[in-house]
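Novice: Throw the hints in and build the complete structure from the sequences for me.
These protein sequence lines are chains A and B, in that order.
Residue 18 in my numbering sits at position 29 of the first sequence, with consecutive numbering throughout.
So the number in my numbering is just where the residue sits in the second sequence, counting from 1, plus 25.
If you're looking for bench data, these hints aren't it; they were derived computationally from the structure.
Mixed in with the good hints, there may be bad ones.
Claimed, not checked - Cβ pair distances, simulated, as ranges:
# : chain 1 : residue 1 : chain 2 : residue 2 : range
1 : A       : Lys31     : B       : Glu47     : 18 to 24 Å
2 : B       : Asp63     : A       : Asn16     : 18 to 24 Å
3 : B       : Asp63     : A       : Ser21     : 21 to 27 Å
4 : B       : Ser105    : A       : Ser42     : 47 to 53 Å
5 : B       : Ser107    : A       : Ser57     : 40 to 46 Å
6 : B       : Gly88     : A       : Arg55     : 36 to 42 Å
7 : B       : Arg34     : A       : Ser70     : 19 to 25 Å
8 : A       : Asp46     : B       : Leu141    : 26 to 32 Å
Just so it is clear, CB atoms sit at the ideal spot from N, CA and C, and this is done for glycine as well.
Spelled out from the first residue to the last, the chains are:
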Amino acid sequence: RKEVEQDPGPFNVPEGATVAFNCTYSNSASQSFFWYRQDCRKEPKLLMSVYSSGNEDGRFTAQLNRASQYISLLIRDSKLSDSATYLCVVINQAGTALIFGKGTTLSVSS
Amino acid sequence: DVKVTQSSRYLVKRTGEKVFLECVQDMDHENMFWYRQDPGLGLRLIYFSYDVKMKEKGDIPEGYSVSREKKERFSLILESASTNQTSMYLCASSPPTGRRVYNEQFFGPGTRLTVL
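Specialist: Structural data, given as structure tokens:
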């Protein structure tokens, strides 16, 4: 299994839709997980950290499933401005660097 | 706000040239990173540094070297540029946690390097 795997998409959804992305990781000892967002031709920026108990930030909800080694990102009431690539990020085994997934592309249309 | 700046947004070089990519951060971060990003391959770590004059190889260090003479500056060097080094290069920094990474990374705007 690759270290971090994501469905590349693209996910094409209408405004107002709910969309979910999953990401699987191979290192069962990973302790820290993040979702980053990257707009077209821009640098990645942290969207949210993923906590063991799950966490919510407005329309965004992140979940962690350690048993199955995946994390998820749920976006409710999609906006046009949510169109971007979402990167799943896991700490490497040594705890010294981040491992980025290849990203899932979301396109929200009116 | 954390600011990470990179010396150039676009750069065109010829095969065999020595190329310097500069990155500067203004938040006194100890950890700094160089990535390259390619379509279908995502972000891949080239080198990172957790202190001045310290450096560690990432996943794809071949063909690259780095320099960290000052805390705020981390340079990526292509000793002899090749066409397969055409890519988007992204620098990042993160707050001090020693060698371990737990914190958000802040990225620069990237340098799109083309090697002809």
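Novice: Using the C-beta atoms of B:Asp63 and A:Asn16, is the stated range 18 to 24 Å upheld?
Specialist: 23 Å, holds
Novice: Does the beta carbon distance between B:Ser107 and A:Ser57 stay inside 40 to 46 Å, or does it fall outside?
Specialist: 41 Å, holds
Novice: Is 36 to 42 Å a correct range for the gap between the Cβ atoms of B:Gly88 and A:Arg55?
Specialist: Roughly 37 Å apart at Cβ, these two residues keep to the hinted range, so it holds.
Novice: Please check whether B:Arg34 and A:Ser70 have a Cβ separation lying inside 19 to 25 Å.
Specialist: Given a distance of about 24 Å, which is inside 19 to 25 Å, the answer is holds.
Novice: Is the distance from the Cβ of A:Lys31 to the Cβ of B:Glu47 consistent with 18 to 24 Å?
Specialist: 20 Å, holds
Novice: Mind checking the hinted window 21 to 27 Å against the Cβ distance between B:Asp63 and A:Ser21?
Specialist: This hint holds: roughly 25 Å between Cβ atoms.
Novice: Taking 47 to 53 Å as the stated bounds, is the beta-carbon spacing between B:Ser105 and A:Ser42 within them?
Specialist: Taking Cβ atoms as reference, B:Ser105 and A:Ser42 lie about 50 Å apart, which means the hint holds.
Novice: Does the Cβ-Cβ separation between A:Asp46 and B:Leu141 fall within 26 to 32 Å?
Specialist: 44 Å, violated
Checked against the numbered hints above, the structure breaks only hint 8 and satisfies the rest.
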